[in-house]
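Working from the sequences, and respecting the hints, build out all of it.
Going line by line, the protein sequences match chains A and B. Under our numbering, think of the first position of the first sequence as 1, with each following residue one higher. Under our numbering, think of the first position of the second sequence as 1, with each following residue one higher.
Hints in this document: simulated from the structure, not taken from any laboratory. Quick reminder that beta carbons are idealized off the backbone N, C-alpha and C, glycines included. Where hints are given, some of them may not hold.
Okay, derived cross-link-like pairs now, EDC-like style, lysine to aspartate or glutamate, Cα gap no bigger than 20 Å in a straight line [stated by the list, open to error]: (1) 231(A) with 286(A); (2) 130(A) with 140(B); (3) 130(A) with 151(A); (4) 16(B) with 163(A); (5) 296(A) with 286(A); (6) 17(B) with 218(A); (7) 17(B) with 96(A); (8) 93(B) with 163(A); (9) 16(B) with 157(A); (10) 93(B) with 96(A); (11) 93(B) with 90(A); (12) 296(A) with 163(A); (13) 296(A) with 218(A); (14) 17(B) with 286(A).
Over the 10 Å line for every Cβ pair with chain B, so calculated as not near, a few chain A residues [claimed, not checked]: (15) 2; (16) 8; (17) 85; (18) 91; (19) 117; (20) 208; (21) 249; (22) 260; (23) 266; (24) 281; (25) 295.
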Amino acid sequence: MDFVIETERVTGGYGTTMVLRELSLRVPRGSIYGFLGPNGAGKTTALRMFLGLLRPVSGTVRLLGQQLPSGLPGVLRRVGSLIEQPSLYDHLTGVENLEIIRKLKGLDRGDGGRALHALGMERLALRRVKGYSRGMRQRLGVAMAVIGNPEVLLLDEPMNGLDPDGLQTFRSLLRDLRQEYGVTVVLSSHQLEEIDQVATHIGILSPTGDLLFEGTREELALRVPQQLLIKTDRRDDALAALENAGFTVDSRQEHLLIHSATADMAREANRILVTNGVGVHHLSIELATLERQFAKVLATTKVWERI
Amino acid sequence: MRTMRALLSTEATKLKKTATLWLSLIVPAMLLLLLFIGLVDDYFRHPIRRMPVSAETEWISVLARPWMLWAHLLPILIAVEAAGLASPEHAGKHWKQLYALPIPRWSVYVAKALMCALLTAGSSLFFSAGLVALGLARSELFHLQIASDVPLGVVLEVTARAYLASWCVIAIQTWLSVRFSGFAISIGTAVAALLFSGLAAQFGVAGLYPWTMPLDSLPWGWSEAPAPAMVSPLLCVAVAVAAGWHLSRREVV
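Here you go:
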């Protein structure tokens, strides 16, 4: 498999504070790589290292096959990035801000227009950035990152402040970039439900900067078993009947959940409920959400760390 | 070359509607205004002051003191302009974005230094043109009849010498401004350095001390030699190489 970013035993941080510890990850070409981790885990630090903004104390970083920092700055021609909040010149218009990036990347005049069009910002971009809302700033920041269709996009919290329409546009843009142009996207965010909708691969960092998991969505799902979701007309009776039959039921929400469920268990639970005269409205086996998968991976690690 | 052209073009875009751009005109304009007020005051106090002397002497009296004053001020103006040119990057935390683009890091420094040099050239030319206008006004007010003897060659030479002699300060102040955010360190350094000007003159090294080089390059300066105008660009290159090396190695936090 072809990887656009590869790190090998990268350790580094800020000054004497080491944020990442022997990070070895690989981002496959053409993937949307969701980069997850709690606050302070080192997601932004890692993205900065991928761009050569920070140098690791030890280990190697390869970006598009070029080892950093020797491949800099040439390799950055094929990379677009948005690290933390967008860096915008408030006294200039959106178009002028985009033009600065376009000129410095040596792109054609039309590339700026295409990036604005992709983010639905043609008219708004004529206004001074000083008057922009947070969401508009974010959109412009994304436009500045995607200008010229880079091979790799590194986006740190790009969905912050986007309204539902903006989120929708952003999601479609990422999918289009991947499907039409084969762009690889590394996406760090706290909005797990958003990453859930677009990511093809996931990397999870521990609070201490270790890579806990890396793989496809399917591989992550295998780590966290599916759950059986049950909605009935008599919740308490259903709960009692299932518990009497030996099921461990999660009743913290309005519906009932049976974790680590199989098809046989679903059939059995349904039979018990019907036998007990409970009307079943809804019964389905569902994959765990990314949020639950993320929590599960982190929780597993806590146990390891205690050991 | 293409990168430098793009960088200079983007620096020019960033300068639009900024105080930094206006300051490069306002500072010489204020000084010229003060000189004009002095001229008018002189006229009202001593309308028939003295017998006219030679045109050359009159023009030297028009140019010498103001230019010495300007040469004194130049390092402070350069400090303000250099800090102003770097302030948008510091304010918006733009370094991470700039350094994530396919351009060498040192080229960002060089572009800012060149832009500072351009602004300084603009200010110096504006000031010189203003002084010529003041000389013409003086000729008219006091009936000196020196209007036809404008020493353009001297004006251009003085402007060029002081300007070239300021390059070293431009390189140093740009380095400081790119390295440190805010105006305090940049201007503080310039003010502190100027305080030591007298000492540099006393020890006979005014022609090698970056902050006194513009003053020392004038024909009416201490050494009366054009040496600073030649030494300063050489020192500027040395400082720029060191600054480029240093800034290229810095991590962007």
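Structure-based check of all given hints:
1. 231(A) with 286(A): holds, 13 Å
2. 130(A) with 140(B): With a Cα-Cα distance of about 49 Å, the restraint between residue 130(A) and residue 140(B) is violated, given a limit of 20 Å.
3. 130(A) with 151(A): The given pair, whose Cα atoms are some 31 Å apart, is violated under the 20 Å limit.
4. 16(B) with 163(A): Violated - the C-alpha atoms of residue 163(A) and residue 16(B) are around 31 Å apart, more than 20 Å.
5. 296(A) with 286(A): holds, 16 Å
6. 17(B) with 218(A): Not satisfied, since the Cα-Cα distance of roughly 53 Å exceeds 20 Å.
7. 17(B) with 96(A): holds, 13 Å
8. 93(B) with 163(A): violated, 24 Å
9. 16(B) with 157(A): violated, 31 Å
10. 93(B) with 96(A): Judged against 20 Å, a Cα distance of about 18 Å means the pair holds.
11. 93(B) with 90(A): holds, 12 Å
12. 296(A) with 163(A): violated, 29 Å
13. 296(A) with 218(A): Status holds; Cα separation ~15 Å.
14. 17(B) with 286(A): violated, 57 Å
15. 2: holds, 22 Å
16. 8: holds, 20 Å
17. 85: violated, 8 Å
18. 91: violated, 6 Å
19. 117: holds, 22 Å
20. 208: Nearest chain B Cβ is 20 Å from residue 208(A), so the label holds.
21. 249: Label holds. Min Cβ-Cβ 49 Å, cutoff 10 Å.
22. 260: Answer for residue 260(A): holds, closest chain B Cβ roughly 44 Å.
23. 266: holds, 50 Å
24. 281: At roughly 52 Å from the nearest Cβ of chain B, residue 281(A) sits farther out than 10 Å, so the non-interface label holds.
25. 295: Correct as stated: the minimum Cβ-Cβ distance to chain B is 30 Å, above 10 Å.
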